[in-house]
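Based on the provided sequences and hints, a complete structural model is requested.
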Amino acid sequence: MHKIAIALSLWLLAIPLGAQWLNLPTPGIPRTADGKPNLNAPAPLTPEGKPDFSGLWRPGPTPYTYGFDVIQDPKDENIFLPAAEALFKRHLADFRRDNPVGHCLPGGPLTILTPGLHRIMQSRTVVALLYEGGSHYRQIFLDGRQLPQDPNPAWFGYSVGHWDGDTLVVETAGFNDRTWLDMAGHPHSEQLRVTERFRRIDFGHIQRQITFEDPQTLTKPLTFSLALNYAPDTEILENICEDRDSAHLVGKANTSLELSSESLRRYVGTYEFREGSPMVAGFMGRTQTVALIDGTLYLNALPLVPQSETIFDSTGAAAEFFLDTNGAVTHLILSQTEGDARYNRMR
Amino acid sequence: MNRSMGSVVVAIWVVTPIPALGQWLHYPTPGMPRTPDGKPNLSAPAPKTADGKPDLTGLWRHSNSKLESDLRPDDVQPWAQAAAKRSAENLRTDFWTTRCLPPGPLFGLLDLSKIVQTPGLIVILAEAANRYRQIFIDGRGLPKDPNPAWQGYSVGHWEGDALVVETAGFNDKSVVDYELHPHTEALRLTERYRRRDFGHMERQITIDDPKAFTRAWTMKTAIQLEPDTELLEFVCNENEKDVKHFVITEHDTKEMHLDSTLLSKYAGEYEVLRPGREPLAITVTVVGDHLMIERPGMGKMSMSARSETTFSVSFGEVVEFVNDSHGAVSHLIMDVAGDEQKAVRKNAATAAPLADK
Numbered sequence: 211m212h213k214i215a216i217a218l219s220l221w222l223l224a225i226p227l228g229a230q231w232l233n234l235p236t237p238g239i240p241r242t243a244d245g246k247p248n249l250n251a252p253a254p255l256t257p258e259g260k261p262d263f264s265g266l267w268r269p270g271p272t273p274y275t276y277g278f279d280v281i282q283d284p285k286d287e288n289i290f291l292p293a294a295e296a297l298f299k300r301h302l303a304d305f306r307r308d309n310p311v312g313h314c315l316p317g318g319p320l321t322i323l324t325p326g327l328h329r330i331m332q333s334r335t336v337v338a339l340l341y342e343g344g345s346h347y348r349q350i351f352l353d354g355r356q357l358p359q360d361p362n363p364a365w366f367g368y369s370v371g372h373w374d375g376d377t378l379v380v381e382t383a384g385f386n387d388r389t390w391l392d393m394a395g396h397p398h399s400e401q402l403r404v405t406e407r408f409r410r411i412d413f414g415h416i417q418r419q420i421t422f423e424d425p426q427t428l429t430k431p432l433t434f435s436l437a438l439n440y441a442p443d444t445e446i447l448e449n450i451c452e453d454r455d456s457a458h459l460v461g462k463a464n465t466s467l468e469l470s471s472e473s474l475r476r477y478v479g480t481y482e483f484r485e486g487s488p489m490v491a492g493f494m495g496r497t498q499t500v501a502l503i504d505g506t507l508y509l510n511a512l513p514l515v516p517q518s519e520t521i522f523d524s525t526g527a528a529a530e531f532f533l534d535t536n537g538a539v540t541h542l543i544l545s546q547t548e549g550d551a552r553y554n555r556m557r
Numbered sequence: 442m443n444r445s446m447g448s449v450v451v452a453i454w455v456v457t458p459i460p461a462l463g464q465w466l467h468y469p470t471p472g473m474p475r476t477p478d479g480k481p482n483l484s485a486p487a488p489k490t491a492d493g494k495p496d497l498t499g500l501w502r503h504s505n506s507k508l509e510s511d512l513r514p515d516d517v518q519p520w521a522q523a524a525a526k527r528s529a530e531n532l533r534t535d536f537w538t539t540r541c542l543p544p545g546p547l548f549g550l551l552d553l554s555k556i557v558q559t560p561g562l563i564v565i566l567a568e569a570a571n572r573y574r575q576i577f578i579d580g581r582g583l584p585k586d587p588n589p590a591w592q593g594y595s596v597g598h599w600e601g602d603a604l605v606v607e608t609a610g611f612n613d614k615s616v617v618d619y620e621l622h623p624h625t626e627a628l629r630l631t632e633r634y635r636r637r638d639f640g641h642m643e644r645q646i647t648i649d650d651p652k653a654f655t656r657a658w659t660m661k662t663a664i665q666l667e668p669d670t671e672l673l674e675f676v677c678n679e680n681e682k683d684v685k686h687f688v689i690t691e692h693d694t695k696e697m698h699l700d701s702t703l704l705s706k707y708a709g710e711y712e713v714l715r716p717g718r719e720p721l722a723i724t725v726t727v728v729g730d731h732l733m734i735e736r737p738g739m740g741k742m743s744m745s746a747r748s749e750t751t752f753s754v755s756f757g758e759v760v761e762f763v764n765d766s767h768g769a770v771s772h773l774i775m776d777v778a779g780d781e782q783k784a785v786r787k788n789a790a791t792a793a794p795l796a797d798k
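Read top to bottom, the protein sequences are chains A and B.
Residue numbers for the first sequence follow the working numbering, beginning at 211 and rising by one.
Residue numbers for the second sequence follow the working numbering, beginning at 442 and rising by one.
Hints may be right or wrong, so weigh each one.
[What the hints assert, rightly or not] Calculated pairs, DSS-like style, for lysine-lysine (alpha carbon to alpha carbon, straight line, at most 25 angstroms):
no., chain 1, residue 1, chain 2, residue 2
1, B, LYS494, B, LYS526
2, A, LYS285, A, LYS299
3, B, LYS494, A, LYS260
4, B, LYS652, B, LYS614
5, A, LYS260, B, LYS787
6, B, LYS787, B, LYS706
By construction, these hints were calculated from the structure, which means they are not laboratory data.
See the structure below:
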């Protein structure tokens with residue numbers, strides 16, 4: 211469970227430690243007559259008349275879904291080229307111990323996709339994004355410069371932005387290939403190019419569209435439609451990732467254990483949350499689909515790595531299946547650091 | 442290579458800016474006033490924001506000038522003095538940045554940082570370790586009893602044309618200067634930034650920690666605008682392989698005691714000559730029974746003798762003094778993990794030994 215604990219702790223970085231500036235009313239934001247932030251007020255403009263994205267933003271409403279696994283839509287399955295798929299499988303077999311975020315390294319495209327609580331600070335020539343997770347920053351240049359040719363590969367790449375009407379379009383390239391696209395372990399190459407489109411529809415809401423293109427890794431671009439919600443009356447906390455755990459990340463999945471398709475097929479079905487930790491249900495969802503594809507068992511979109519006949523590891527949780535005396539699967543228990551949740555088999 | 446402090450401070454100072462495949466490093470800074478020949482006009486007036494305040498926005502380098510400190514040995518409480526001595530003896534391996542942790546009150550004294558100023562908030566983006574710091578100028582007060590943080594909590598206000606920044610709520614894990622003086626959670630830092638003209642800013646830092654010092658004391662430094670370049674991403678723990686080698690052996694800590702006549706032979710002014718740029722000034726002085734080396738933006742660091750001519754400054758860094766054929770010291774060589782840099786003695790022929798001032 212240790213690896214899962216680490217994976218989870220990375221997602222729960224915004225720990226509200228001691229209420230400091232965390233409840234301070236944000237100065238200068240529009241408020242309704244009763245003093246509440248008016249998140250439907252018009253979007254503010256810069257002196258030059260461009261939308262001003264400055265503020266503290268929290269992704270929503272399901273901020274981490276794609277961060278767990280970029281493949282959420284059936285149309286995106288099989289989008290990875292064979293070499294990338296093989297590398298993904300190796301990350302799984304290694305229990306994702308090389309996940310850079312687990313070693314306190316920057317998330318790169320993963321942070322761009324699922325930034326957690328962050329501040330956007332916009333000046334005329336540069337936008338700074340200050341991430342709470344890892345306390346790293348990223349710059350987007352608006353001064354007309356072009357993306358560098360053949361840059362030194364960087365964790366966050368190099369970003370330039372331009373205005374398309376009231377939409378800020380940000381192009382990022384020059385990534386190194388050490389980061390992953392998601393916590394599941396999908397890789398990318400140095401050819402990765404990220405396009406972000408930001409539109410502030412009103413004071414409290416930004417629509418965000420993100421496209422990953424990487425001809426060395428993906429057969430076609432991956433596009434995500436996401437939202438950012440203004441986070442009023444709070445503040446970023448300092449969050450320093452001390453790399454104390456990585457020396458212990460020595461796990462290697464029991465890859466010698468190979469279960470036959472016949473023995474795996476009995477687990478295929480739909481499972482509904484029955485009882486247990488509401489955190490697990492909130493995190494993993496109330497319905498789980500187990501499928502068998504090419505001899506590998508999947509929990510939703512993520513492969514299950516067998517640890518025994520009935521126990522499997524997956525991203526974010528361990529899964530154990532239970533059988534009745536006739537050998538029929540009755541339920542599934544997902545375990546996380548927060549606790550266990552039982553899902554009954556529906557069909 | 443991970444550059445760790447001990448080595449890191451030095452490596453940043455000696456080795457950067459890294460000419461890594463020249464990307465955006467020679468891009469003309471937009472909005473920069475220029476002389477008719479196109480060169481940055483660093484003496485042009487300081488810019489103002491729309492609301493008439495000085496605009497401190499820009500890329501600033503801290504490492505080209507001396508750090509003046511009015512701290513006297515008597516101002517340091519005994520426990521703090523002992524802690525600083527222990528850290529120096531450990532060759533700075535317990536300096537927190539060696540472990541890729543934040544610099545604390547030293548933030549922004551390391552090399553390049555970018556200031557981005559908006560009406561309610563100023564952010565400092567440091568090249569070192571890709572860290573940021575926020576300074577709120579929206580009227581909020583410092584938090585009461587905050588959760589101790591590496592960078593503390595900062596609020597600013599304007600006094601005339603100076604930005605005054607108050608910071609409190611530090612944790613007690615970092616140090617306040619390169620002499621490795623520790624501090625407690627009671628530390629309160631007051632900084633004054635005054636942008637004199639387009640290219641020059643004065644920074645004054647007052648350190649007030651009644652649990653570590655007997656009085657508040659002040660460091661002053663000048664900061665220069667760095668035109669036509671950009672921050673490079675620097676992730677401290679990338680490919681980290683060093684820390685496990687930071688094992689202090691008896692050999693490392695065994696210090697030779699050299700007599701003061703020999704030490705004062707090394708004291709004097711040295712400079713690193715850099716083509717097309719100002720030389721970097723280095724001062725070696727004798728303080729008590731030790732040599733101290735002072736480098737731009739870094740303050741004084743003590744040196745421990747390893748032989749009659751070689752001295753350790755921090756883990757992996759050795760300074761060697763070299764004589765000319767007449768037996769006079771002609772230059773010194775700073776060796777950071779095999780990366781050598783030479784500093785020639787100023788007025789080598791005529792220099793009289795410079796004793797403790």
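A quick look at each hint next to the structure:
1. For a cut-off of 25 angstroms, the pair hint linking B/LYS494 to B/LYS526 is broken: about 43 angstroms separates their Cα positions.
2. For the hint pairing A/LYS285 with A/LYS299, the CA-to-CA distance comes to about 20 angstroms; that is within 25 angstroms, so the pair holds.
3. As the CA atoms of B/LYS494 and A/LYS260 are separated by approximately 22 angstroms, the hinted pair is consistent with the 25 angstroms bound.
4. Proximity of B/LYS652 to B/LYS614 is assessed by CA-CA distance (about 14 angstroms); at most 25 angstroms being required, the pair is judged to hold.
5. Annotation: proposed proximity of A/LYS260 to B/LYS787 is violated, straight-line Cα distance about 55 angstroms (limit 25 angstroms).
6. At roughly 14 angstroms between alpha-carbon atoms, B/LYS787 and B/LYS706 fall within 25 angstroms of each other, so this suggested pair holds.
Taken one by one, the earlier hints fail for this structure at numbers 1, 5, listed in ascending order.
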